[in-house]
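Participant: Now for the letters of each chain:
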Amino acid sequence: MKHLLSIGDLSVADIQRLMELTDHMAEVNQRPIPKVPALRGKTVVNLFFEDSTRTRTSFDTAAKRLSADTMNFAVASSSVNKGESLRDTIETIAAMGADAFVVRHKSSGAALQITNWTSAAVVNAGDGWHQHPTQALLDCYTIRVGLGRRDGFDGLRIAIVGDIKHSRVARSDVQAFTALGAQVTLVAPPTLLPPSLDGWPVDVSHDLDSVIGDLDVLYLLRVQRERMDEALLPSMREYSTMYGLTPRRAAALSPHTLVMHPGPMNRGVEMAVDPADLPGSMILHQVSNGVAVRMAVLFHLLGSGSDLRGEA
Amino acid sequence: MSSQTPARPREVLSADDVRRALTRIAHEIAERNHGTEALVVVGLQRGGVWIAHELAGNLAAIGNAEVPVGLLDVSFHRDDVGIRPIVPGSVTDIPVNLDGHAVVLVDDVLFTGRTVRAALEALNDYGRPRSVQLAVIVDRGHRELPIRPDYVGKNLPTSRDEDVQVTADGVTIA
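Chains A and B, in that order, are what the protein sequence lines are.
Quick note: to get this note's numbering, add 567 to the position in the first sequence (first position is 1).
Quick note: to get this note's numbering, add 20 to the position in the second sequence (first position is 1).
Think of the hints as simulated: they come from the structure by calculation, not from any bench.
Being a predicted model, the structure only gives us computed values, none of them experimental.
Certain hints may be false.
To be verified - So the derived label-pair ranges between C-beta atoms look like this:
| # | chain 1 | residue 1 | chain 2 | residue 2 | range |
| --- | --- | --- | --- | --- | --- |
| 1 | B | Asn144 | A | Gly766 | 33 to 39 Å |
| 2 | B | Asp181 | A | Asn683 | 39 to 45 Å |
| 3 | B | Arg39 | A | Thr745 | 38 to 44 Å |
| 4 | B | Ala188 | A | Ser675 | 33 to 39 Å |
| 5 | B | Asp181 | A | Thr745 | 44 to 50 Å |
| 6 | B | Asp99 | A | Met638 | 49 to 55 Å |
Think of the CB as a built atom: it goes at the ideal place given N, C-alpha and C, for glycine as much as any other residue.
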């Protein structure tokens, strides 16, 4: 494996192997000194054309815990045009000596495009509505640990609730969860579903209350305010009433149900209860697992010395 | 060191020999440390793990007190990261803070010494032991670093390309 661009590029065995490597990284993060020299001398460049403090910080922390050097470039999307100037940016930074680019970009396919311009490894940290593979991997790892499912997600019932249409998290999660054997239900108003769900191995519901009592994982997506301006939602309040996790719905969850959110969450909208009051809330675990998963990904791309598909 | 199973392995130590060596090494450890107090036995993943458990069992019998066992994976501390793949399923587990303890590192075969160097560095992450000692079943020579064992089951002259296998059933060379 040279790059990590999309969950669709990974086999089930690849995902499982990354999960096992993440176990090692989680142990490193528990140590009194949570830092190992594994990627000493490697340089990881965080290139964020879209603002994302948490994802950038997570990758930055992951690289530093493996003793890689990091460079951070936050490029305002308005100042960079696609095509030649993106290419110039990549080639310029690559000339400084980069072993990996971690790329966030508003255009779907940007990370793939960049692989044509550099010999460094490229990690997609979110491209448009397309993919956010490390988010899906950290979500899988959180479920694997939270529900004790080391061997896969066969029979798990997972609902992903919210703005599916514009969500790279939903696209990546659906691929990863179903690849591992889970049954995924998308819950959203029709305006926030993609126009076609052909090829998505999922069920669809417009009624959260009809599915909420029968879930192993409730995954809430962030609702973005601009969706109201686009008239896809009447109001945040109505969204919360229809699709938010309200106290009444929280009471309907099974005791073992995990509640997840990719962050940053809108309190009072999709998260209409205090997550501190939810025993199954995994939200902070997702954040700490995110560092471990990104360590595993960086180590695999830069340090493991073996193809992901190869024999250990 | 493990690689391919050789065509005709020659037995160097029998199962009884290995068991007796482990008994002797346990007594040597107790003698050198004036008992078994504040000892921690740390097995290197993966070949040293079963040996660490055996030694800790012997030490517990000698000292009439439990001796903690830790497991150490040195993959992220090796100087050949990027050359050797790391083996999943061998996660580090150090059950006690090592400050002030005498740590006995345990491995099956001592060869170049590079694994032990990585282990010494990895141990730093878990505290500052009073001392670190090294116990191995077989010292096969060919050191590339200034490292020597404190307790040895058998010194075994080998050529570099020979394969030495250590299990509870004995030691073979091929």
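Participant: All hints are to be evaluated individually against the structure, with a verdict given for each.
Facilitator: Status of the hints after comparison with the structure:
One distance hint, 33 to 39 Å for the beta-carbon pair asparagine 144 of chain B and glycine 766 of chain A, is violated here, with the actual separation near 51 Å. Taken as a hint, the range 39 to 45 Å holds for the pair aspartate 181 of chain B and asparagine 683 of chain A, whose Cβ atoms sit roughly 43 Å apart. Separated by about 51 Å at the C-beta atoms, arginine 39 of chain B and threonine 745 of chain A break the suggested range of 38 to 44 Å. At about 56 Å, the CB distance of alanine 188 of chain B to serine 675 of chain A disagrees with the hint of 33 to 39 Å.
Distance hint check: the CB atoms of aspartate 181 of chain B and threonine 745 of chain A are about 48 Å apart, consistent with the given range 44 to 50 Å. Judged by the Cβ atoms, the range 49 to 55 Å given for aspartate 99 of chain B and methionine 638 of chain A is violated: they are separated by roughly 25 Å.
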